[in-house]
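Residue numbers (this note's numbering), protein chains in the order written: chain A, 1 to 286; chain B, 1001 to 1171.
Hints were generated in silico from the structure; no laboratory data involved.
Do not take every clue at face value.
To be verified - So these bits of chain B aren't anywhere near chain A, every CB distance computed over 10 Å:
hint, residue
1, GLU1005
2, ARG1037
3, ARG1045
Stated by the list, open to error - Some chain B residues judged to face chain A by a derived CB distance under 7 Å, without partners named:
hint, residue
4, VAL1031
5, ARG1052
6, ARG1056
7, SER1058
8, TRP1059
9, GLY1070
10, GLU1163
Bear in mind the structure is a predicted one, so any value in this text is a computation, not a measurement.
C-beta atoms are modelled at their ideal positions from N, C-alpha and C, and glycine is treated no differently.
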Amino acid sequence: MKVTIFGATGVVGQALLPLLGEHEVTAVSRTKRDDDGARWLVADAASGDGVAEAIDGAEVVYYLVHSLGSRDFEQQDRAAADAVARAAARAGVKQIVYLGGLGADDPDASPHLRSRRETGERLGSAGVPVTTLRAAMIVGRGSAVFETILGLVRRLPIMLTPSWVSTPTQPIALDDVARYLAGVCGNEAALGRGYDLGGPEVMTYREMIERISRLLDKRPLIVEVPVLTPYLSSLWLNLVTPVNASVARPLVEGLRNPTIAREEAIHELLPFELTSFDEAARAALG
Amino acid sequence: MHSWETTERLLESGGFESRQRVLVEEPVVDVSDSGARVLGVTYWRAVGLFTRGAVRASWTGGGGKLRLLGGASLLTFGPPELSVHDGVVACRHGIRGGLLALRSGGSVTLAQRSAGEQHELTVTVEEYLPRLAARVGAPWWTGALYAKGQSPFHAAVSRRYFELLVRGHTG
Chain A
1 MKVTIFGATG VVGQALLPLL GEHEVTAVSR TKRDDDGARW LVADAASGDG
51 VAEAIDGAEV VYYLVHSLGS RDFEQQDRAA ADAVARAAAR AGVKQIVYLG
101 GLGADDPDAS PHLRSRRETG ERLGSAGVPV TTLRAAMIVG RGSAVFETIL
151 GLVRRLPIML TPSWVSTPTQ PIALDDVARY LAGVCGNEAA LGRGYDLGGP
201 EVMTYREMIE RISRLLDKRP LIVEVPVLTP YLSSLWLNLV TPVNASVARP
251 LVEGLRNPTI AREEAIHELL PFELTSFDEA ARAALG
Chain B
1001 MHSWETTERL LESGGFESRQ RVLVEEPVVD VSDSGARVLG VTYWRAVGLF
1051 TRGAVRASWT GGGGKLRLLG GASLLTFGPP ELSVHDGVVA CRHGIRGGLL
1101 ALRSGGSVTL AQRSAGEQHE LTVTVEEYLP RLAARVGAPW WTGALYAKGQ
1151 SPFHAAVSRR YFELLVRGHT G
C-alpha cells in the first residue's frame, strides 16, 4: 500500500516510520532529508507547496502536523488541513489518518485543543474518510508536555504549580500511539471513525510529576498556587524548561481540560497490552 | 435534559441519603469503564467550576480531597470504584472523612442507567454523616447550616454536573 506521512520528522512520525515497513512510504518534511529507508519529499502543508506531489498515488495519508509555536497557529492549522484534504480528494486517497487530542471535544476546550478538533473536521471536508485517533499526553522523548515536566523535575527542587496540576489525564506511551497509528492503516473498519487513545492509568499532572521524580530519584516540593495564569506559567516554563513560551502557553491552557478516554473501541479493533506509565517514562528517560 | 428531581432523607442509621436525577434522550457516556471514569471526572470538575475554583478536588492513586482554597480538606474520598453492569455505568467514591464529615462512612455514586426509552443520570449520596447536620444536643443552628447551606449547595453542584455531562456529549 502507498502511504504518505505529513509530519514524518516529528516525534510521532519518527516512531511510526519503522512500523510501516511493509508499505511503500513517502515521508514528507519541510526540509530535505535522506534516511530511514523511506522516500523523502519536501512539502509544506501550511502553504500548500509540494502537497499535491507528495500525495500523488497514495492510498493512505497520515496527518501528524501541527503549527504549535506559531503566533497564528489556529490559522495555519486550518490552511494546512484544507490543503491536504483537497489534494487527498483529488488524488483519490482512500483514508486520511489523523492524530488529534483527547479533550478536544470539550465545550470549554482551549484554543489549542479546539484547533485540533477543527483540523480533524477540515481534513474530512473534501470527502476522504478520516480515521481520527485522539491521544492524551504522549510519554516519549521529544513530546512537548513530557519534556516540560521533565525539565521542571530536573531543575526545580521547589515547584510553584498552577491548578492544572490537579487535572486528570491518561498518558500513553509513544510506542503504543505509533502501534495504533500503524494498525489503522488501510483498515476498513476504521474508515470515517474516531477512537480515544488513553494509557492504562489515569493520573493528575501532579502525580505524573511525582512519578517522574521518583524515577529520577528526586523529591521536589510541590506547592499549588491558584493565581498562576497560563501566561505567567508559560513565561516560567520558558525560563526553566527547554520548551519555548510560544509552545508552552497553548499547551498550558490545554492542561486545564481533563484528557481521559471517553470510550474503548480501539481495544476491540487493535487489542494489545498497553505500556505502563513508569515503563514508558523510563524508556523516554533513556 | 429534563425531569430534574432532588430528594433527601434521614436514614434510621442517622446518616443522610441524597439523590439528584435528570433524564436525557441519549446516553451521555459510553457503557464501559472509560464511561464510568468520565462520570467521576466530570463531577469533580463541576465542583471546581461551580465554586469558581474555590473548592477543588485533588487526587492521588490512594484517593482524593475536596480542598477549600487549596488548604482545608472539606471531604476526603477513596479512589474511584468503576462498575458496568446490566447497562448501568457507575463511579462510586467512599467518603473517608474531612471537615464536613462527622466520621468516615457513606459514599457518593455517579451513575447512568436506562429508564425506558430514555436514560437517567443520578448523583446519590448514601449513609453520609454530615458534621453540620443537627445532632442530639447540638445547637439548632448547626442543622440550619446543613439544611440551608451544604444541602442546596450539593444539589446545585449536581445540576451543574448534569449540564456539563450533556454539553460534553453534544459539544
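These are the hints, each one checked on the structure:
1. GLU1005: At roughly 25 Å from the nearest Cβ of chain A, GLU1005 (chain B) sits farther out than 10 Å, so the non-interface label holds.
2. ARG1037: violated, 6 Å
3. ARG1045: violated, 6 Å
4. VAL1031: violated, 9 Å
5. ARG1052: For ARG1052 (chain B), the interface hint is violated, since the closest Cβ of chain A sits about 10 Å away, which is over 7 Å.
6. ARG1056: holds, 6 Å
7. SER1058: holds, 5 Å
8. TRP1059: Result: holds, 5 Å to nearest chain A Cβ.
9. GLY1070: Nearest chain A Cβ about 5 Å off; hint holds.
10. GLU1163: Violated, about 10 Å.
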